[in-house]
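Novice: Sequence:
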Amino acid sequence: MDLPIYRIRMNKADYTKFNRDIWSKAFVRGELSIRGISQPVRIRYRGEHTREHPKKSYEIRTRGLTYHFNAQYDDPSMLRNALSFRFLESIGVPAPAAQYCVLYLNGELLGVYLRLEAVKTRFFRKRGIPVRSIFYAINDNADFSLYDKDTGYPKPSLFSGYSLIKGMRKDRERFEQFVERLNAKRGKDLLRFLHSRININNYLRWLSGAVMTGNDDGLSQNYTWYEHGMTGKYGIIPWDYEGTWGRNFFGARTESNLIPIQGYNELTEKILSYRSLRTEYKRLLRSHLKSKFRPDLIMTAARKMHSRIAADVRRDPNKQWDMGVFQSELGVIREFTEKRREYLIQHLNDL
73 MDLPIYRIRM NKADYTKFNR DIWSKAFVRG ELSIRGISQP VRIRYRGEHT
123 REHPKKSYEI RTRGLTYHFN AQYDDPSMLR NALSFRFLES IGVPAPAAQY
173 CVLYLNGELL GVYLRLEAVK TRFFRKRGIP VRSIFYAIND NADFSLYDKD
223 TGYPKPSLFS GYSLIKGMRK DRERFEQFVE RLNAKRGKDL LRFLHSRINI
273 NNYLRWLSGA VMTGNDDGLS QNYTWYEHGM TGKYGIIPWD YEGTWGRNFF
323 GARTESNLIP IQGYNELTEK ILSYRSLRTE YKRLLRSHLK SKFRPDLIMT
373 AARKMHSRIA ADVRRDPNKQ WDMGVFQSEL GVIREFTEKR REYLIQHLND
423 L
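Using my numbering, you'd call the opening residue of the sequence shown number 73 and step up by one each time.
Take these hints with a grain of salt, some might be off.
What the hints assert, rightly or not - With a straight-line cut-off of 27 Å between C-alpha atoms, the simulated DSS-like cross-links for lysine-lysine are:
#	residue 1	residue 2
1	Lys128	Lys84
2	Lys84	Lys97
3	Lys221	Lys305
4	Lys221	Lys257
5	Lys364	Lys376
6	Lys260	Lys128
7	Lys127	Lys97
8	Lys127	Lys89
Hint data in this document are derived by calculation from the structure and do not stem from the laboratory.
Remember, predicted model here, so these are calculated numbers, not experimental data.
Please put together the full structure from these sequences, using the hints given.
Specialist: The structure is reproduced here in structure tokens:
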């Protein structure tokens, strides 16, 4: 079955403006067509280092909807985001809906893309989660610490590393106060604070997913942090999982033991410093390793996705990797899953 085809069209002036500055955050006007139905849209480039690739990623907004069209340029399998989000959903972590498609721009074939649901207000509304504020973790200062990752000096702002997507100044200030208190409290006082301000079950499930899939880039950035509208507790949603399943976000191979079973970042360290929460994390990991993080289940899903996109990947004029590498990636994912599972089982008692 062929992948759905999305066609973007821009007039000459907007197309020239669009290509003038790949780092611009401004949207340009366009038209998006699928199955013969067209609608006006706004479009801009998205990503960081990926903006300089021949095959770029896009953010497209329609009336009330935002989609991310990810090029998957650094992932030779083009599977890792979709496979990760499917897996995370299976262990109880809300994740963006993903759909493969073929994208054209002004009649030019751009290649195979992964259309991802944006984690914004509509995402939470669809899942029945009332939300007060939403933050994106945009760089590795989003580690809940007081100190800048690069300089080692105190952060100029405790909001460093984040971008406010929904909310007001008071929501940002409340988050900064959360980080400050997180780092100031100790002992039973901190444990009470963690239970009162964080959805612990959600966080531990997210942590176990990041640890199992080997998402080195996703523990201190590339996640969505939100405040529940009713409980006032903070929760976490996965965002970019391209650097998983045995490769990093640049596409280089990684070892299966790269990320320790405890994960890392300041919040994780504080949560896992309490035996009761370590025990719960260990229980979740053991359950997932037994029922979800199994090579047979992971590879069934991966083979299905791989087969679904293979013909269109072959025709993709902008892919970085040749078809031989694409075909061999199922072996890379299997090897990682087997070794990662073995490593985690061996280290459960470290918790």
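Novice: Where does the structure disagree with the numbered hints, that is, which hint numbers, in rising order?
Specialist: Going through the list in order, the structure violates hint 6 alone and respects the others.
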